[in-house]
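Starting from the given sequences, assemble the full structure and let the hints guide the process.
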Amino acid sequence: MQGDFQFKLEIKLFSRIHHKDVVNLVGFCYEQGEQILVYKYIPKGTLKGNHIYNFNLFFLNLHMTLSVKTKFQLEWTRRLRIALDTARGLAYLHEIADPPIIHMDVKSNNILLDDHLTAKVTVFGLSNTTTQ
1 MQGDFQFKLE IKLFSRIHHK DVVNLVGFCY EQGEQILVYK YIPKGTLKGN
51 HIYNFNLFFL NLHMTLSVKT KFQLEWTRRL RIALDTARGL AYLHEIADPP
101 IIHMDVKSNN ILLDDHLTAK VTVFGLSNTT TQ
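Residue numbering for the sequence shown follows this note's numbering, starting at 1 and increasing by one per position.
Careful: at least some of the hints might be erroneous.
To be verified - Simulated pairs of lysine-lysine, DSSO-like, Cα-Cα distance not exceeding 30 Å:
| no. | residue 1 | residue 2 |
| --- | --- | --- |
| 1 | LYS40 | LYS20 |
| 2 | LYS44 | LYS20 |
| 3 | LYS107 | LYS44 |
| 4 | LYS12 | LYS44 |
| 5 | LYS107 | LYS20 |
| 6 | LYS8 | LYS40 |
| 7 | LYS107 | LYS48 |
| 8 | LYS40 | LYS12 |
| 9 | LYS107 | LYS12 |
| 10 | LYS107 | LYS40 |
| 11 | LYS8 | LYS107 |
| 12 | LYS20 | LYS48 |
Stated by the list, open to error - Computed beta-carbon distance windows for the label pairs:
| no. | residue 1 | residue 2 | range |
| --- | --- | --- | --- |
| 13 | ASP98 | GLU75 | 32 to 40 Å |
| 14 | PRO99 | GLN35 | 32 to 40 Å |
| 15 | ARG78 | GLY33 | 37 to 45 Å |
| 16 | ASN109 | GLN6 | 20 to 28 Å |
Keep in mind the hints are simulated off the structure, nothing from the lab.
C-beta atoms are modelled at their ideal positions from N, C-alpha and C, and glycine is treated no differently.
This is the structure:
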């Protein structure tokens, strides 16, 4: 079955990835036809979801007022560090991982931040391996 083969290949491949700027696979589950990869929990969530925007929107209506919570804005030095963390993680995947892994879906939703706001590259579902 193609799904089983792909799942086993991902386990084999992702279990060998160990880098401080890449989310690590910590386990898997294959039970009753369900295939689950378990990655390390990264508490601060995605870069897009929690950190790069600073806004406060008010929607006024005759019947209600809705306020969207303001997200904190990152300092430029922190943003640069996050960009460097991300670049190191991608460089590891593209150049050092064996076989190399081309991410193919780099975006703020696929960058997670830990408690120290260190960026971690995640989501390899669209990735390709290469033997070049």
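Checked hints:
1. LYS40 - LYS20: holds, 12 Å
2. LYS44 - LYS20: Holds: LYS44 and LYS20 sit about 16 Å apart, inside 30 Å.
3. LYS107 - LYS44: Holds, because 16 Å separates the two Cα atoms, which is no more than 30 Å.
4. LYS12 - LYS44: Between LYS12 and LYS44 the Cα gap is close to 28 Å, so the pair holds against 30 Å.
5. LYS107 - LYS20: With a Cα-Cα distance of about 19 Å, the restraint between LYS107 and LYS20 holds, given a limit of 30 Å.
6. LYS8 - LYS40: holds, 19 Å
7. LYS107 - LYS48: holds, 8 Å
8. LYS40 - LYS12: holds, 17 Å
9. LYS107 - LYS12: Between LYS107 and LYS12 the Cα gap is close to 25 Å, so the pair holds against 30 Å.
10. LYS107 - LYS40: Between LYS107 and LYS40 the Cα gap is close to 19 Å, so the pair holds against 30 Å.
11. LYS8 - LYS107: Satisfied, since the Cα-Cα distance of roughly 26 Å is no more than 30 Å.
12. LYS20 - LYS48: holds, 20 Å
13. ASP98 - GLU75: 32 to 40 Å: Roughly 36 Å apart at Cβ, these two residues keep to the hinted range, so it holds.
14. PRO99 - GLN35: 32 to 40 Å: For PRO99 and GLN35 the Cβ distance comes to about 22 Å; the hint is violated.
15. ARG78 - GLY33: 37 to 45 Å: Because 43 Å falls inside the window, the suggested range holds.
16. ASN109 - GLN6: 20 to 28 Å: holds, 22 Å
Hint 14 from the list above is the single one not met by this structure.
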